[in-house]
Amino acid sequence: MALITFTKRGIYCKQGDFYVDPWWPVDYAVTTHGHADHVRFGNKHYLCHTLTSPIIKRRISPDLDVQTLGYGESLVRNGVNISFFPAGHIIGSAQVRLEYKGEICVISGDYKIEDDGISTPFEPVRCHSFVSESTFGLPIYKWQKQQAVFDGIKSWINNNIEYQKTSILIAYSLGKAQRLIKNLAGDVPIYVHSSIANLNEVIIEAGVPLPETTRITQEITKDQLQKGIVIVPPAMRDSKWMKSLNHPVTGICSGWMQVRSHRRWQSADAGFALSDHADFTGLMEAIKATEAEKVYVTHGFTSAFSRYLNENGISSDVVTTHFGQEDDEENKADLAETVEKKTEAKTEVVK
Amino acid sequence: MKRFAQLIQQLELSNKTNDKISALVDYFNEADDKDKIWVIALFTGKKPKRPIKSSLLKYWAIDIADIPEWLFTESYSNVGDLSETIALLLPPAEHQSDLHLYEWIENLQNLEGKDDETKKDFILTAWNSLETNERFIFNKLISGNFRIGISSKNLVNALAKQSGLESVQITHSIMGKWDPYVMTFSDLINGEHVNTDNSWPYPFCLAYALDTEPENLGEISNWQAEWKWDGIRGQIVKRNGELFIWSRGEELVTEQFPELHFLVDVLPDGVVIDGEILAVKDKAVLSFSTLQQRLNRKNITKKELESAPIGFFVYDLLEFEGIDFREHPLSERRKILENIIGKLDADNVLLSEVVECDSWEQLATERQKSRELNSEGIMLKKRDSHYHAGRKRGDWWKWKVNPYTVDAVMIYAQKGSGRRANFFTDYTFAVRDGENLVTIAKAYSGLTDKEIKEVNSFVNKNAIEKFGPVRTVKPELVFEIAFEGIAESKRHKAGLALRFPRILRWRKDKNASEINTLQDLQQLLQSTL
Ligand SMILES: [Zn+2]
Ligand SMILES: [Zn+2]
Numbered sequence: 001m002a003l004i005t006f007t008k009r010g011i012y013c014k015q016g017d018f019y020v021d022p023w024w025p026v027d028y029a030v031t032t033h034g035h036a037d038h039v040r041f042g043n044k045h046y047l048c049h050t051l052t053s054p055i056i057k058r059r060i061s062p063d064l065d066v067q068t069l070g071y072g073e074s075l076v077r078n079g080v081n082i083s084f085f086p087a088g089h090i091i092g093s094a095q096v097r098l099e100y101k102g103e104i105c106v107i108s109g110d111y112k113i114e115d116d117g118i119s120t121p122f123e124p125v126r127c128h129s130f131v132s133e134s135t136f137g138l139p140i141y142k143w144q145k146q147q148a149v150f151d152g153i154k155s156w157i158n159n160n161i162e163y164q165k166t167s168i169l170i171a172y173s174l175g176k177a178q179r180l181i182k183n184l185a186g187d188v189p190i191y192v193h194s195s196i197a198n199l200n201e202v203i204i205e206a207g208v209p210l211p212e213t214t215r216i217t218q219e220i221t222k223d224q225l226q227k228g229i230v231i232v233p234p235a236m237r238d239s240k241w242m243k244s245l246n247h248p249v250t251g252i253c254s255g256w257m258q259v260r261s262h263r264r265w266q267s268a269d270a271g272f273a274l275s276d277h278a279d280f281t282g283l284m285e286a287i288k289a290t291e292a293e294k295v296y297v298t299h300g301f302t303s304a305f306s307r308y309l310n311e312n313g314i315s316s317d318v319v320t321t322h323f324g325q326e327d328d329e330e331n332k333a334d335l336a337e338t339v340e341k342k343t344e345a346k347t348e349v350v351k
Numbered sequence: 001m002k003r004f005a006q007l008i009q010q011l012e013l014s015n016k017t018n019d020k021i022s023a024l025v026d027y028f029n030e031a032d033d034k035d036k037i038w039v040i041a042l043f044t045g046k047k048p049k050r051p052i053k054s055s056l057l058k059y060w061a062i063d064i065a066d067i068p069e070w071l072f073t074e075s076y077s078n079v080g081d082l083s084e085t086i087a088l089l090l091p092p093a094e095h096q097s098d099l100h101l102y103e104w105i106e107n108l109q110n111l112e113g114k115d116d117e118t119k120k121d122f123i124l125t126a127w128n129s130l131e132t133n134e135r136f137i138f139n140k141l142i143s144g145n146f147r148i149g150i151s152s153k154n155l156v157n158a159l160a161k162q163s164g165l166e167s168v169q170i171t172h173s174i175m176g177k178w179d180p181y182v183m184t185f186s187d188l189i190n191g192e193h194v195n196t197d198n199s200w201p202y203p204f205c206l207a208y209a210l211d212t213e214p215e216n217l218g219e220i221s222n223w224q225a226e227w228k229w230d231g232i233r234g235q236i237v238k239r240n241g242e243l244f245i246w247s248r249g250e251e252l253v254t255e256q257f258p259e260l261h262f263l264v265d266v267l268p269d270g271v272v273i274d275g276e277i278l279a280v281k282d283k284a285v286l287s288f289s290t291l292q293q294r295l296n297r298k299n300i301t302k303k304e305l306e307s308a309p310i311g312f313f314v315y316d317l318l319e320f321e322g323i324d325f326r327e328h329p330l331s332e333r334r335k336i337l338e339n340i341i342g343k344l345d346a347d348n349v350l351l352s353e354v355v356e357c358d359s360w361e362q363l364a365t366e367r368q369k370s371r372e373l374n375s376e377g378i379m380l381k382k383r384d385s386h387y388h389a390g391r392k393r394g395d396w397w398k399w400k401v402n403p404y405t406v407d408a409v410m411i412y413a414q415k416g417s418g419r420r421a422n423f424f425t426d427y428t429f430a431v432r433d434g435e436n437l438v439t440i441a442k443a444y445s446g447l448t449d450k451e452i453k454e455v456n457s458f459v460n461k462n463a464i465e466k467f468g469p470v471r472t473v474k475p476e477l478v479f480e481i482a483f484e485g486i487a488e489s490k491r492h493k494a495g496l497a498l499r500f501p502r503i504l505r506w507r508k509d510k511n512a513s514e515i516n517t518l519q520d521l522q523q524l525l526q527s528t529l
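Chains A and B, in that order, give the protein sequences.
For the first sequence, the residue numbers in my numbering are 1 to 351.
For the second sequence, the residue numbers in my numbering are 1 to 529.
If we strip away everything but chain A, and leave its shape as in the complex, we get (with noise of 0.2 Å):
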C-alpha cells in the first residue's frame, strides 16, 4: 500500500491519517508553508515548521490548533515518521517526509535551490517517492544568480530616484517582500505597505532578524517614497494612493517575467524574473538528489514536466490539485489583509 494517495480532499496519508496541504477541511494537516494555496481555514490541528505558525496564526486565526517542528525534528503519528527539511521557498516553507516501515515519501511544496538569504536554503532529500511542484517546469525558465537581478532591481531604483520617479515594488506580502527586503537593504530607506509590515512584525517576533523598513502611515511624505524603496502587494496595485504619488513607476518581481509576453500583459514599468521556486535545471537536479523511484508532479507545466521525467528515466505521473493558485490565492490573502476584513476572506475559502 502506498505510503500517500491523492484524494478529493488533498494528499492523504492513509498509515498515519492526515492530509499534506488539504484544499477542503480534515482533522489533521501537515502544511508545508504558509501561502494560502496551500494552507487553508478550517483544519481542526495544523502541523507546521515553528516559522510557519506564527504566520498562519496571524493570516488566518489566532485560534489555530496548531503543532510545530523545527528543520529536522520529527514525531509519529499512527506509526507514520513525520520529519521536516527545508524547502528554501518563503521562511519557515518546509518538505514533509515521511517513513512508514522503510518506505519514504518527500511531499516538497513549493520549492527553489538558491539560497535567497532569509529562508533556510533547501536541502534534498533522498526518498522513494517525491512530491514535485513544476511551477516553471519548462527549458525556458532559467533563473540568473540572484545577485544579477538584485543588481538590476537596485540600478532601477537608482535611476528613478535620479530621475524624480517613485520606485514601486510590487510583491506578495509573505515571502517575495521579506527577499526584497533582506536583499535591497542598504543605503535607500525601505517603505513598506501595512500588510507587509504586519507580517514582518509576526516574523521578526518569531526571531528571523529583518532589516529596518518604516510602514507607510500618513505621516511619511511624497518626497520621502521618492527618495525611498515602496513595496506593496499586488492588491494595491491600482489604489488611487499610489496613483498620488510622484511619478511613480511600478515594478513586479516574479519568474513568469522570464518572458516578454508575460512582461507585456501586466502593466508595469519594470519586470524581474524574480522566482520563489526552482527553474527547470533546478527540478530537475532536486528530482535527480532525492533518487526517488516515483515523481508526482502537482502544479505548473505538469504534462510536460512529467513526460521529460519519464523520456529520461524517472518514473512519473501527473497529479491533479488545487496548488499552483498562489497568485489568486496570495493576492486574496494580501487583500484580507489590506481590507482588514479577514471573515470574508475566510468563508470565501470555505465555500
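Some residues of chain B that are not near chain A, with every Cβ distance over 10 Å (derived):
1) G113
2) S167
3) R432
4) L496
5) D509
Here are the simulated lysine-lysine pairs, PhoX-like style, with alpha carbons at most 20 Å apart:
6) K382/B to K392/B
7) K58/B to K142/A
8) K243/A to K16/B
9) K165/A to K16/B
10) K240/A to K16/B
11) K298/B to K49/B
These are calculated hints, taken from the structure and not from any lab test.
Think of the CB as a built atom: it goes at the ideal place given N, C-alpha and C, for glycine as much as any other residue.
Given chain A's structure and the hints, the job is docking chain B with the ligands onto it.
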C-alpha cells in the same frame, strides 16, 4: 549590440510614450552612426540580408539545449516567439562580445553563399558570446520582425526631437527608398535622398461619433452627408511632379498602391486631397477584407492586383494651386474638388458621393443601405466648416450603422491590466464548428464591474488549465459580440477574423449549445465579399 539591447529593453519596459521617445532620443544621442541607421531600418520594417533559414536555427538550438523537439514546441507555445524561445533555451554564454549591431549585420551578410557548416559555426559562436537579451535580438536579425511596440510615428518623433527637424520631413526621409547598407545617418535624417518639401502633408480632420439624434443638428440643408467608407484614410499629395500617398498615422504608403500612381501624370501640381483608400472594382467599393490583402505588403503579386484592385474615394481638398485651402468653407472646397476629380475621368479615383436628402428621416432610410455599399454609415459635415487639424467637436460627425453581432462562448480568460490587473478581463471567444469549438475573437471586457467580478469568480472556479496568466475555462458563458466587419484570415484557425470585436452583453439567457456556428460566420463573410 549591448546598447541596442538596452534600448529594446527600455522600449519594452515602458508603457508610456514619453518614456519610449526619451529612450530613443538618448539612444540616438549616444549610439554609433552606423548602428543608428540600422535601428531606423529595423524599426521601419527593413530587413537585413538573411542567409540562414529559421528552421535551421531551431534545430541547432534543440541540439545545444539538449532537449527533445516536443519540449521545444511546448516552450515555444508558452513564449510565442521563435527568436525568444531559442534565446531562453540556450545555455548561458561563456564569452562576451563587444561587436556593434552593424558589425553583426555585416557578418551575417558575409555568410551568404557559405556552406551550412560554416554558418552553423558562426551562429553557435555568436550564441555563446551573447547575453539572453542580445541573443534574442541576434535571432531576430536572422528571422522575424522587430515588433517592439514602437510605432514609426514615435520613431519619427524621437528623431525629430533629437535632430530638431520637422517630423513630416523625417517621415518622408525614412519612409523613402534607401539602402541601410550604404546610407549615412546624417544624409538620411536630412533627406539628402529625397525632396521633403514636395511631400509635406496636412494633419487629417477627424470626426466624433454622433452622440445625439441628427435632428438636433438643425437644418439638414446646412449639412453635407457622405458615405463613411471602411478603408484606410489617405492623403494624396502632388507637388512639382512628385506624388505621395500618406495614410493616417503619418505613414507614407505610396509604394503599396501602384494603381494610384497614374495620378502623378494627371493631377495638377500643388494639389492635396483627402480620401479613403479602398478596394474598388467597376466603381464600386469592395469589402474591407478584400482591401486587407493589400495592406502592409511590400511586394504585390499580379494575382493580388487583380483580386484586390485599389481605388481612392475623394472627400476633400486641402491644397489647390499650391495654396493651403483648409480655411475655405467646405462648400467651396467641394466645388473645386468636383472640378479636379471630374477631369480625371478615372475608374478608381472618384468623388465620394454626396448623399442628397431633404429630411433627416429620408437620410436615416438611406443610411440603412450602408452595409450593401460596404460603407459603415454616414458622415455629416457642415457645409461652412473648415478643414480642422485633428478632432474637433461640432463640424464633422460620423453616424455609423449598428454593428454585426454573434453569440459566442468564452473559452480562455486572461488577466487585464491597469486598474483591472487582478481580474480576468481579457477573454477569447469561440463558436461551434460541428463537435468542436473554434476561436473567433479576443475581446476586452465591455462589462460592468459587477459582471467582471462575476466572470472572474467563474474563471477561478472553472479553470481547466493554466498557462502563465491564461486560463482555459469550461465553455459555459455566452456573450454577444459586436463587430464591424469580417475578413478572411489564414492566420486564424477559423479561417476568418472579426474587425473591432467587443462584448455587447452577457447572454445569461443562453447556454453554450445555442451559440452561433462557424458556418453562420462563413455565410456572413461570403455575403460581404
Ligand atoms: Zn508557495
Ligand atoms: Zn504552490
